[in-house]
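Hey, can you work out the whole structure from these sequences and the hints?
Chains A and B, in that order, give the protein sequences. With the numbering used here applied, the first sequence corresponds to residues 1 to 406, in that order. With the numbering used here applied, the second sequence corresponds to residues 1 to 406, in that order.
Heads up, some of the hints might be wrong.
[To be verified] Straight-line Cα separation of at most 30 Å, BS3-like style, residue types lysine-lysine; simulated pairs:
#	chain 1	residue 1	chain 2	residue 2
1	A	118	B	118
2	A	205	A	83
3	A	115	B	118
4	A	370	B	370
[Stated by the list, open to error] Computed footprint of chain B on chain A, listed as stretches where at least three residues anywhere in the stretch have a Cβ under 8 Å from a Cβ of chain B:
#	stretch
5	15-26
6	45-58
7	327-335
8	361-371
Hints are computed from structural coordinates only; laboratory data are not their basis. The C-beta atom is built at its ideal place from N, Cα and C for all residues, glycine as well.
There are 2 protein chains.
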Amino acid sequence: MSVEKLEEYRERIRTELDRVVDFWLKHSHDTQHGGFFTCIGREGKVYDELKYVWLQGRQVWMYCRLYRTMERFHRPEILQAAKAGGAFLRKFARVPSGDGGSSWKCAFCLTRDGKAVKVQRTIFSECFYILALNELSRVTGDTDMQAEAEQMMEQLVVWVRVDPSGLGRPPMPGDPPADAMAVPMMLLCLAQQLSEGRGREAERKYEELGAWCVQRILQHLQRGGTAVLESVSLDGAELPGCQGRLQNPGHALEAGWFLLQHAAARGDQQLQRTAVDKFMELPFQQGWDQQHGGLFYFLDVDGFCPTQLEWSMKLWWPHCEALVAFLMAYSRLKEPQLLDRFTQVYQYSFSHFSDAESGEWFGYLTQEGKVALDFKGGPFKGFFHVPRCLYMCERILDDLLEKKDR
Amino acid sequence: MSVEKLEEYRERIRTELDRVVDFWLKHSHDTQHGGFFTCIGREGKVYDELKYVWLQGRQVWMYCRLYRTMERFHRPEILQAAKAGGAFLRKFARVPSGDGGSSWKCAFCLTRDGKAVKVQRTIFSECFYILALNELSRVTGDTDMQAEAEQMMEQLVVWVRVDPSGLGRPPMPGDPPADAMAVPMMLLCLAQQLSEGRGREAERKYEELGAWCVQRILQHLQRGGTAVLESVSLDGAELPGCQGRLQNPGHALEAGWFLLQHAAARGDQQLQRTAVDKFMELPFQQGWDQQHGGLFYFLDVDGFCPTQLEWSMKLWWPHCEALVAFLMAYSRLKEPQLLDRFTQVYQYSFSHFSDAESGEWFGYLTQEGKVALDFKGGPFKGFFHVPRCLYMCERILDDLLEKKDR
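Structural data, given as structure tokens:
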């Protein structure tokens, strides 16, 4: 592929990132209570004032990452909004964990002024809380905040690796503990986040956790290496029924670039190959809709119809993950078909999800590619997957083009 | 409308009911453990062995109702299956309620051999458990079973009207108690079920409950009588945000025929008018897709895009409820446009949901009317809405045609 083509991609991606950042700066800030509105309509109108904690944490993280690492986003208004978001989270997101002890959980959803609406019995709100506080502390130098993030991380690791009872979900005889791939993926992401640039001691501490996460993620490669399954037993066996057969191609692709990053940092050639072949190429081949284009949301590995009503819809985030995965893989391996894959997803995504009129991306298309839900932000779509994808792709392209120049 | 047309509808509906019953008799019985498989593919293959308690209870109820009230279904195999389903429920569905007391809840989902997989913190598994046991006790004359159903009903009423803490959902400061329309609807349905033919004392007992339910349901008529909303505050005010604006036209139509039945039994002309105008005509006008036909699943009363991914899909059960509602309304009021509505829904339903090849109905179509999920049974679709609709329509048509003959 020509340098011109890569330049063209980078230009489009850079412009798109600017437009996306502008959209959220303009429409999502709650200047009265701090934090962010995330239910935002097609043209920017707030249609619900609830504040989803996953999305609060993700927006703080993304703002700080942009502020910290990209010169054109090193702007006071971005730092200011991130700080207000962090303050809102610290003030309102934590709720007693309900195990009678002294530990905290994070609510899943808050009212505009910070009253808890719902608490999930999983670890994900806490994950994004940690992600936010850690990245914010890197920008502000607030060591209290850093310590709080690390403390909650320790609690999280206990819930996942030692005793989940603090999460509040009673054990069920017919539902033995299982490994949802999201759990080791999130912990791996956090291990990378928390150890970055913190010195040898932090590195060692999180190295062991990272290796454990990688091993857990690899257990999801099933059926003789021919399929990535969303949930497996704790010792890596396939689960019965629909739950066991469920595939989420976009999620496998996200795991793919997490694994690739981990492999690259350690020069692990074998893991790199597995990441690309099994967690990118395989889910792409199985998940791409040959008829209408785009990645299916869910599939059943035996070809049954998934029971999720949205299984055949095309969601924005699997495409974001695919873009990052294939471009990162290309930048490491330089195999041309990886760039072809990127191009294929790029063309689908920019022609279907990106809204030329009002900015940002639509999130939810029908199988045929028609916009099915026209809002730009909702309970699960905030300032995260789109800007993270554009940010990472821009940086990878910078790197590729810089090397080509030399 | 001509008698011939009504005869034609009845003939088609009767044949369809036979085919639907045959499908479940053939494919859903677990002769090893009792109870019913409900995850059943397009052609009848079981694709998951989990047993959803809502659907177990509903199938027992439906079998017994058919056995008890329709001569051609008064068959030993139907009674036998209902009894096996009831025995499975009584043996496995109840789990300790988790409030530390002596009360029981029902699991939401069981393994094939009856181990609890999931317990919801709502009342609906219990509702269908009661429905099943009460109807089964009417067939078998088992007074123990009848008493157990009534006892659980008392518990349910306490949870709804006095103290919900036994349901296990901790109160949240940002989520004040609200009234989901499903709750008074289910209690009204149960009050009718439990009081039928049980004498004056039972009638009085459930009369008060029924009146309370009707009042609660009517509170969902909002905005000066121009919209039925799914959730309102306990004192009948609109809730903020998406939750407050949510509409479910099929659910409103179901409430419509519940109210109409209640009104008819009491000769309440005013309630009858409200049921037809506000809970049938209004949701139909707002919910019918003028472009592609069929009823939307969810709508936002202010025209925002609902956040439910499946909002624009066409589900089987709202159409079942609409068929019952408009035919029942026509049989009471004899207004021709009510039969036109019925005809419109009938034509859409039989041409889109009914599967001429393998029997039963598809459950989930795209907005455009294409089959999106091709199974006949799933976690929320069992032997209930389709046969209940066909059963009730057949009986209403019997009644209408008998009167026309006179």
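Now the hints, each set against the structure:
Under the criterion of a C-alpha separation no larger than 30 Å, the hint pairing residue 118(A) with residue 118(B) is consistent with the structure, at around 19 Å. A threshold of 30 Å between alpha carbons decides the hint, and for residue 205(A) with residue 83(A) the separation of about 28 Å falls inside it, so the pair holds. Using a Cα cut-off of 30 Å, the hinted pair residue 115(A) and residue 118(B) holds, with the two alpha carbons roughly 28 Å apart. Taking the CA atoms of residue 370(A) and residue 370(B), the gap is near 14 Å; set against the 30 Å cutoff, the hint holds.
Check on the stretch 15-26 of chain A: 0 of its residues sit with their Cβ under 8 Å from a Cβ of chain B, so the three-residue criterion for coverage is violated. Counting residues of the stretch 45-58 of chain A whose beta carbon lies closer than 8 Å to any beta carbon of chain B gives 4, which reaches the threshold of three, so the coverage claim holds. With 0 residues having a Cβ less than 8 Å from any Cβ of chain B, the stretch 327-335 of chain A misses the three-residue criterion, and the hint is violated. Residues of the stretch 361-371 of chain A lying with their CB closer than 8 Å to a CB of chain B number 3, which satisfies the three-residue condition for coverage.
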